[in-house]
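Q: Given only the sequences and the hints, what does the whole structure look like? Please build it.
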Amino acid sequence: MDDQVQAKKKRKNNLLYSQKAAPYFFVLPFILSFVLFFAYPVVTTFIMSFQEVLPGKTSFIGLANYQELWNPTFLKAIRNSSVYTFFTLLILIPLPLVLAVFLNSKLMFAKNVFRSATFVPALTSVVVAGIIFRLIFGGQEEALLNSMLAPFGIEPRAWLNNASTSMFVLVVLATWKWMGINILYFLAGLQNIPKELYESAEVDGASTWRKFFHITMPLLKPISIYVFTISIYGGFSMFAESYMLYGSNRSPNNIGLTIVGYLYQKGIEQNNLGFGSAVGITLLVITLIITLIQLKFFGMFKKEEQ
Amino acid sequence: MRKGLLTVLSLLLVLSVFLAGCNKKDSNAGYSNGGKGTKVELWTFNALHGKYYESMAKMWNEENPDDPISIKVNTYPYEDLHNKLLVALQSGKGAPDISDIEISKFGNFLKGEPQILPLDDVVDPERANIVPSRLDIYSKDGVIYGLPFHVGAGVIYYNKEILDKAGVNPDDIKTWDDYKKAGKVVLEKTGVPMTTLDVSDQWSFWSQVAQLEGKDDLLTVDKEPNLTDPDIVNVLKYEQDLVKEGIAIPAPGNYHHSEEYYGFMNKGGAASVWMPMWYMGRFTDYMPDLKGKIVIKPAPAWKEGDPRSSGMGGTGTVVTNQSEHPDLAKKFLAYAKLSKEGNIQIWKQLGFDPVRTDVWDSPELKETNKFTEYFGPNIFDTLLEVKDEIEGVNIGEKTPDVSNAIKTTVLFRTLVDMEDPEKVLKETQEQLK
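Residue numbers (my numbering), protein chains in the order written: chain A, -19 to 286; chain B, 36 to 468.
Worth flagging that the hints you see were computed from the coordinates, not collected in a lab. All the pointers check out, no bait thrown in.
Looking from chain B toward chain A, a few residues come up when the C-beta cut is under 7 Å (computed):
| # | residue |
| --- | --- |
| 1 | 121 |
| 2 | 143 |
| 3 | 147 |
| 4 | 148 |
| 5 | 150 |
| 6 | 235 |
| 7 | 435 |
| 8 | 442 |
| 9 | 447 |
| 10 | 448 |
Ideal Cβ placement from N, Cα and C applies to all residues, glycine included.
A: Written out as structure tokens, the structure is:
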């Protein structure tokens, strides 16, 4: 090879191995995807929420979209999403925590079988799960659940036609589907707790209960807060489960309508993207406020205050 | 050297990921006629419609050898098609030449400046032969944007076996009052409800409303929501009374297209159902046990002498403004949906009641097919009988909104939760304004 090529190669190598450029290079994919797929849409959505978006006729209409938001259907959607989030938090934090402790225990048999069994639902598509749940909770006498309850003298009922039973079905579906994921988080947290702590507690004669409440629980706090935060967002942004359970975005008397469902209905199904954007921004504000309150409550900001 | 090679290889790998996205497949793939002729892309939500267009393209090429067409049909799920098309038209990119749009979604595409082309020039030569209300539903400000598949005439399907058991003759049922009385007899003698009602879909309610004499419908002539119209309140009250007396029950599965309902009806669960003509296909495909037991009659009238049918549902096919060959697309579309040959094929292949009244008594419509085998040979006699009584509907930009309210809240609250129809309709009307 002649000198010129050598020099060229060197320059190229310098650029590739430059200490200054490397950090930027490595964060570039994240920055790019963040700007392209997150910041840009958020800003556009914000602008669109003040517009009436129609083909060839987009115009600014001030706060009209937000004023229209104050209607019974949207309030119902907010209520549905909040109730759903509340119940998923109530079940999907403590239950996986306890199960994770079991699965982590030395006394547990066939650990790996149970671990995979609880995780499999998370791999199932929501579409398939929704349809199966719809059939299980069907209204006819021959539907699975109704026929299982019949021997106990329980009247067959249309589970998905009633506000409280349909919420129950949604929470059951969420529990079945997301349990495995949360167990996984808690298991990771549990395995980070040093064994020595338990050993020294045992030397001091601590009971199993005391070990759980005074070692396991406090040391799992960071991971619990993480699970809590993503569960809040997951709850408020739920859409696919309800969509698949009812086979469309329409449920009787809107008992399964969620905030995102309403966004989809108005923005896409009824071609009113400006209004849909206003719903989206409202959802963002709601989750932001709740998450901030929650983080404050758990003392996540303490360090900064000191 | 090895490092350099690795760098090159990894760069290639990255590039290939990007390039894979732009990789163009064989440009003739999926097109009929081997890609010979002008290429036209078509979207639909029903695979049967797709097959129909392909066969019509073949017929077109035989008749117009100097202007051949090569079509590519993409079939998407119902919601996907409409959402994709809306986004494509909104962003000005990616739309096909021709697309099917279902009637309750059509209003979305008329908002703002319609991004679909006026079709009056191809409709004009055939206008006199076509049921006019079926063109009006796809129009805005007097301009036609979509072509219909069928009349969708509302009819009533009686289960003859059950009626015979109760000693009821369907031909004696002339008005909805008669229907109610007959329903009582059927319920008392056989213990089976006379009918079922959609509570999460609009057909039972909308067809009864559309049947009302006069120009107003769920929307007024000016395309504004019309739910507080006393006549409409009375229709809902009538349906609620049927449920109260046990003559009707909410359809199992909440609507007439659910698996639960098909099974229920197939076992002789109800004595009748009023649905449009195109519902015939659901009987032949999903309720095989009722073969030979179902008779099709004009729906009862609200008053004797009033209209006995209404044009229900439908698919408006449009040409988008992104088409590169709009003239050919329009001509082909008119050939497929408005020509005499096309209309005969619509019946033969799809089992729809065609929109050209002059083909209804043509011999091709009497030939045996799966529909005549199921319902008997005289299906079109019923249609000819009500030819001049098919009431139109008003379709406008508010239709998707109104239809959504009916499907989710209005019917469920009044027919399942038994709330007062007047109150519910008033509340809904206020929300829609």
